[in-house]
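> Count the sequence shown with our numbering and you get residues 4 to 112, in order.
It should be emphasised that the hints constitute simulated quantities derived from the structure, not laboratory data.
There could be a bad hint or two in this list.
To be verified - Across the chosen pairs, the derived CB separations fall in these ranges:
id : residue 1 : residue 2 : range
1  : T99       : N26       : 28 to 38 Å
2  : A35       : R89       : 16 to 26 Å
3  : I20       : A70       : 32 to 42 Å
4  : Y103      : T16       : 27 to 37 Å
5  : R101      : N26       : 31 to 41 Å
Yeah, the Cβ is synthetic: ideal placement off N, Cα and C, and Gly gets one too.
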Amino acid sequence: MRAKTFDADTASTFCAIMEDAANDPRDHVRQATCWALREFGKSNSESHERACLIALDLIESEDPARAWVGRCAYRELEILIKIPERRRLISRHSKTARKYVDPTESEPE
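Start from the sequences and build out the full structure, keeping to the hints where you can.
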């Protein structure tokens, strides 16, 4: 996940693995899937968009485990912002991001 760039095949492979692992009955696998989805979404704007779509699909799933993974990942993905001096997206609540975010601006809903 720390690669600077992902080609389309690698990204598709990661996405397929994460969607499959969200079904796993083991708690640690589901938690790792959530972490992987969040990290994938922080890579760049394109990956962020794709990770958000995957998370929303998981949330809409009938399976409670898949829905949990989606909600867990989406909570962090929805607050990520792009900072000009950073390659990756970061949380709007981080100390670095506070320099760039208008304090009067409301949270995205």
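> Next, verify each hint and record whether it holds.
Here's how the hints hold up against the structure:
A C-beta distance of roughly 36 Å is found between T99 and N26, which places it inside the suggested range of 28 to 38 Å. Between A35 and R89 the Cβ separation comes to about 25 Å, which falls inside the hinted range of 16 to 26 Å. Our hint of 32 to 42 Å for I20 and A70 is violated, since their Cβ atoms are close to 19 Å apart. Between Y103 and T16 the C-beta distance comes to about 33 Å, which sits within the given range of 27 to 37 Å.
In this structure, R101 and N26 meet the distance hint of 31 to 41 Å, their C-beta atoms being roughly 38 Å apart.
Consistency with the previously given hints fails for number 3 only.
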